[in-house]
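S.K.: Sequence:
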Amino acid sequence: MRQERRRISPGVWTALFLVAALGLWEFTAARGYINEFFFSRPSMLWQEFLSMVSSGMLARHLTVTCKEAALGLLIGGGLGTLSGLGLGLAPRVSQALTPLMTGLNGLPKLALGPLFILWFGLGIRSKILISALMVFFVFAFNLYAGVRDVDKELIGAVRLLGGSRGQILRKVIWPACLPWLMASLHTGLGLSLSGAIVGEYLGSVRGMGWLLSAAGDVFNAQRVLCCVLILLIIIVVLDGMLHLLERHLLRWRGGEG
1 MRQERRRISP
11 GVWTALFLVA
21 ALGLWEFTAA
31 RGYINEFFFS
41 RPSMLWQEFL
51 SMVSSGMLAR
61 HLTVTCKEAA
71 LGLLIGGGLG
81 TLSGLGLGLA
91 PRVSQALTPL
101 MTGLNGLPKL
111 ALGPLFILWF
121 GLGIRSKILI
131 SALMVFFVFA
141 FNLYAGVRDV
151 DKELIGAVRL
161 LGGSRGQILR
171 KVIWPACLPW
181 LMASLHTGLG
191 LSLSGAIVGE
201 YLGSVRGMGW
211 LLSAAGDVFN
221 AQRVLCCVLI
231 LLIIIVVLDG
241 MLHLLERHLL
251 RWRGGEG
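According to this note's numbering, the sequence shown is numbered sequentially starting from 1.
Worth flagging that the hints you see were computed from the coordinates, not collected in a lab.
Please note that a few of the clues may not be correct.
What the hints assert, rightly or not - Beta-carbon label-pair distances, calculated as ranges:
#	residue 1	residue 2	range
1	L82	V19	23 to 31 Å
2	D151	L100	26 to 34 Å
3	T102	D149	13 to 21 Å
4	L122	D149	38 to 46 Å
5	D149	L229	32 to 40 Å
6	P175	G123	37 to 45 Å
7	F120	L161	46 to 54 Å
8	A70	T28	23 to 31 Å
9	P114	R170	39 to 47 Å
10	L161	V53	57 to 65 Å
11	N35	L110	41 to 49 Å
12	S51	T102	31 to 39 Å
13	V93	Y33	53 to 61 Å
These figures come from a predicted structure and were not determined experimentally.
Using N, Cα and C, we set each Cβ at its ideal position, and we do this for glycine too.
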């Protein structure tokens, strides 16, 4: 019996749990144990999903949000990675800038959102920058920690063998930082999407954030829950794809990858 359980992958258990939760939700709503007006039910959400797909509404708004989140992740992640590597390779600079970056990271990003709307307008640019800000510090601090975690004796050994600074960066530091980079991607994926949606909440006429806000204004819990589940599924799928990429990139670690 124990051997059979071990053969079931975590993904299967997740799917079974999800199906059971949806079944319980449908049952309690159908029996009247919960109010459909506030909590809806899976069958009604499915009908709402089909309606949004057939009308083109979902594709129109989801495309905008995904574009904002992807560009925010690319810009914020790229700048954060370079900043983290730079701070890790320059201890004196990091001693001066790390306290400042820690303070900036502690600022509530939602409070800065209106300033981005004021500075960059209601278009897609402000949403991309809010999304980039959400993920920048995650990458910067993780990569900084990754550089500091590199084995100093290994770096010294490469130097004794005649390795240049560039070779040490490519052959030692960067491979050692890959696990930190992948961890940043897992976290930044959801944060970039959250940043885009927050920006759309603050001021927009399109995107999933706007769609959620408009549905909430008219107490359309069915559409709100449908949008939330769609975003949840997207994040879960993308995170699963990242796990596959991580397993491929870190296969040199053997059992750890």
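S.K.: Does each hint hold? Answer for all of them.
M.R.: Checked hints:
no.	hint	in the structure
1	L82 / V19: 23 to 31 Å	violated, 43 Å
2	D151 / L100: 26 to 34 Å	holds, 29 Å
3	T102 / D149: 13 to 21 Å	holds, 18 Å
4	L122 / D149: 38 to 46 Å	holds, 42 Å
5	D149 / L229: 32 to 40 Å	holds, 38 Å
6	P175 / G123: 37 to 45 Å	holds, 40 Å
7	F120 / L161: 46 to 54 Å	holds, 49 Å
8	A70 / T28: 23 to 31 Å	violated, 37 Å
9	P114 / R170: 39 to 47 Å	holds, 42 Å
10	L161 / V53: 57 to 65 Å	holds, 59 Å
11	N35 / L110: 41 to 49 Å	violated, 30 Å
12	S51 / T102: 31 to 39 Å	violated, 47 Å
13	V93 / Y33: 53 to 61 Å	holds, 60 Å
Against the hints set out earlier in the document, violations occur for numbers 1, 8, 11, 12.
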